[in-house]
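Given the structure of chain A, go ahead and fit chain B onto it with the hints provided.
Residue numbers (this note's numbering), protein chains in the order written: chain A, -5 to 174; chain B, 2 to 449.
Hint data in this document are derived by calculation from the structure and do not stem from the laboratory.
None of these values were measured; they are calculated from a predicted model.
We treat Cβ as the ideally placed atom computed from N, Cα and C, and that holds for glycine.
Possibly wrong hints are sitting among the right ones.
Unchecked claim - One-sided and incomplete, this derived list gives chain B residues near chain A with beta-carbon spacing under 7 Å:
# : residue
1 : Leu204
2 : Trp213
3 : Met223
4 : Leu301
Stated by the list, open to error - Distance condition first, Cα-Cα at most 20 Å in a straight line; then the derived SDA-like pairs of lysine to any residue:
#  : chain 1 : residue 1 : chain 2 : residue 2
5  : B       : Lys195    : A       : Leu117
6  : B       : Lys446    : A       : His20
7  : B       : Lys195    : A       : Leu124
8  : B       : Lys195    : A       : Arg139
9  : B       : Lys195    : A       : Ser3
10 : B       : Lys446    : B       : Thr14
11 : B       : Lys195    : A       : Ala5
12 : B       : Lys446    : A       : Ser3
13 : B       : Lys195    : A       : Arg135
14 : B       : Lys195    : A       : Ser131
15 : B       : Lys298    : B       : Lys195
16 : B       : Lys195    : A       : Arg123
17 : B       : Lys195    : A       : Tyr125
18 : B       : Lys446    : B       : Asp20
19 : B       : Lys446    : A       : Glu130
20 : B       : Lys331    : B       : Glu314
21 : B       : Lys446    : A       : Ala5
22 : B       : Lys195    : B       : Asp20
23 : B       : Lys446    : A       : Arg123
24 : B       : Lys446    : A       : Arg32
25 : B       : Lys446    : A       : Leu124
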Amino acid sequence: MIVLGAFESEAAMARAVARLEADGVHGVETYSPTSPARSVGRLQSRLPLVMLFAGLVGAAAGLLLQIYAVTGIFTDSLWGQLGGGYPVNIGGRPNVFWPSFIPFGFETGLLFAMVAGFLGFLLINRLPRLYDPIDESDAFREATRSGWFIAIRTAAKPNHDRALAALQASGAPQIEEILE
Amino acid sequence: MSEALPVVLPGQTARTMTDHVAGVALGEERSYLWWWMAFLPSLGLLGLGIVATVWLFLNGIQIFGNDWPNVWGFPIFVYVWWIGIASGGTFISAFFFLTRVDWRTSINRIAETMTLFSAACAGIYPILHLGRPWFFYWLIPYPNTMSLWPNFKSPLMWDFIAVLAYIVGSVLFWYLGLLPDLASMRDRTRTRFKQVAYGVAALGFRGSGTEWTHFRAVYGIMAAIMAPMVCSVHSVVGLDFAGGNMPGWHGTDYPPFFVFGAVFSGFAAVLLLIIPLRRFWGLTPYITERHVDVLCKLMLTASLCVAYAYMMEAFSVFYGHDAAEITMFKARIGGFDAGVYWSTIILNCVLPQLFWFRVCRRWVPIVLLVGFGAVVGMWLERYGIVIQVPHKTALPSAWGVYFPTLWDWALFAGTCGLFASGFLLTIRLVPAISMFEMRELITRKLAR
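Only chain A is shown next, with the shape it has when bound in the complex (with noise of 0.2 Å):
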């Protein structure tokens, strides 16, 4: 079961995420046109790390790709046949040249990012989802236009009772509930 309840202001909702919150409520999330100025329980994301660290990999991975074409070292017998170890001899500088590696190794690293940022994003939120029991609620399209939802969710017939109840109490002028 889903419990929603609409507000009319960013103001009023996120009193009722404080006072739900200090009531222990569980299964509590917003639903808001823009970003609300703090989520419930305080998340942080954690995918500017995911995505420095793809970074980094990316970097790294376009940097030993560079190195091995030119000198095929960290061959095994296959890939040693396959490739490796084509030297260009440019301007007479080292094989190894590290400067001119910079960019095709910078690039890589913020290519990795970027689509490392994206589709952990999807995986984190579990999308694409297309639909959701929420959706079953007429006054929830309101969500992605001016609306303000608290929607609590909750499994067993006791625990949807005090939701109820605590979202009624949290002063929420509109409240649905919806089976899921």
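The following block gives chain B in isolation, referenced to the frame of chain A:
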């Protein structure tokens, strides 16, 4: 001063703004006549480009004017021009996101969409310019039975990976920023087909607190990645030239010189796009005179940077005192096609000085004239660099001149068609203004 001009006209709420902007994309405007009048000719140009491409594939690059000493010709200078225009859009959407300026919100969608399609035009040109375009994937480093690797020490290889990363990055940055707006569209529309289409495109974004937290974090980091990336991409384009031992190209000033020119043409292109859009779709409450004013000032700043680069280019020729470079430069400023050089100076350095005056920044015909002049001026600048410089190489026996053929012009018109039709189609189907950021701006302003 500009503080008197608001970024959003009074009387707007999150609700009215969303209904208006989403309504435009949902086909609820009174008239789309102007859109069709722009779109159909664009399709015609795109068709011409397809014909030119087919003819190119059948006959090879002999249909172009490319010949020694101009082996790059039209395809590469127009490529540089397009990627430059793209850079300006990313500069606005990423760089000014990081600086948290409030006027960025209304125009970032238009700027990013412009970036996508000008980067697409830029992306196809070097491939079409290859003698055997079907082998372009040889640039991708992969283990192969020929035991061949691309030359990682060449700026042309850096260019490949930079443009690839830039196009992928631009698409992801644009699409992530579009998800909340696609969700709004899904919830606004009443027809089943559109609900499904926008719903699938929105990937099920519903605006939950968790989604917003991760969204904000990822979007911010993406902006922080795109800002240096756009500088690196155009710097690498500059290195394509500076890496060659050609008098006139072989200079360390090329990377910043190219970046200055890129953002200059990009700002001008955004200006040329927002002025008709705000008028025809009644977006004036959100894209106000403030935005036009700010973009004019940015153009002026970029123009001064470009002027500095031109001065340094001329200075280093005579300071370096290389006979071949001086010969080349004298041919550029006084040769039979010196008009290209002087038009570049007038359009890129002199004309934008009008934007020192507020009356010129507020007067739409002047703004359009200077903006269009800048786009043309940058086209001429790229022409000068790619076409005119190699006319006079260090080896006098290799001197020559270049004339584009009809097919050169046809393919160029085709890329203009690709840009215009792609841009128009996208801006017709997705909100032209980033609605969720606008809602934040409006609610924050109301709260104040």
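Each hint, compared with the structure:
1. Leu204: holds (4 Å)
2. Trp213: holds (4 Å)
3. Met223: Hint on Met223 (chain B): holds, closest Cβ of chain A at ~6 Å, below 7 Å.
4. Leu301: At 30 Å from the nearest chain A Cβ, Leu301 (chain B) fails the 7 Å test, so the hint is violated.
5. B:Lys195 to A:Leu117: Violated, at roughly 25 Å.
6. B:Lys446 to A:His20: violated (33 Å)
7. B:Lys195 to A:Leu124: Holds: Lys195 (chain B) and Leu124 (chain A) sit about 14 Å apart, inside 20 Å.
8. B:Lys195 to A:Arg139: Cα-Cα ~17 Å, so holds.
9. B:Lys195 to A:Ser3: violated (29 Å)
10. B:Lys446 to B:Thr14: holds (10 Å)
11. B:Lys195 to A:Ala5: violated (33 Å)
12. B:Lys446 to A:Ser3: Measuring from Cα to Cα gives roughly 14 Å; hence the hint holds.
13. B:Lys195 to A:Arg135: holds (15 Å)
14. B:Lys195 to A:Ser131: holds (19 Å)
15. B:Lys298 to B:Lys195: This hinted pair is violated, its Cα atoms lying about 40 Å apart.
16. B:Lys195 to A:Arg123: holds (17 Å)
17. B:Lys195 to A:Tyr125: holds (16 Å)
18. B:Lys446 to B:Asp20: holds (19 Å)
19. B:Lys446 to A:Glu130: violated (33 Å)
20. B:Lys331 to B:Glu314: holds (13 Å)
21. B:Lys446 to A:Ala5: The given pair, whose Cα atoms are some 14 Å apart, holds under the 20 Å limit.
22. B:Lys195 to B:Asp20: Holds, because 16 Å separates the two Cα atoms, which is no more than 20 Å.
23. B:Lys446 to A:Arg123: violated (33 Å)
24. B:Lys446 to A:Arg32: It holds: about 18 Å lies between the C-alpha atoms, which stays within 20 Å.
25. B:Lys446 to A:Leu124: It is violated: about 33 Å lies between the C-alpha atoms, which goes past 20 Å.
Of the numbered hints given earlier, the model fails hints 4, 5, 6, 9, 11, 15, 19, 23, 25; all others are met.
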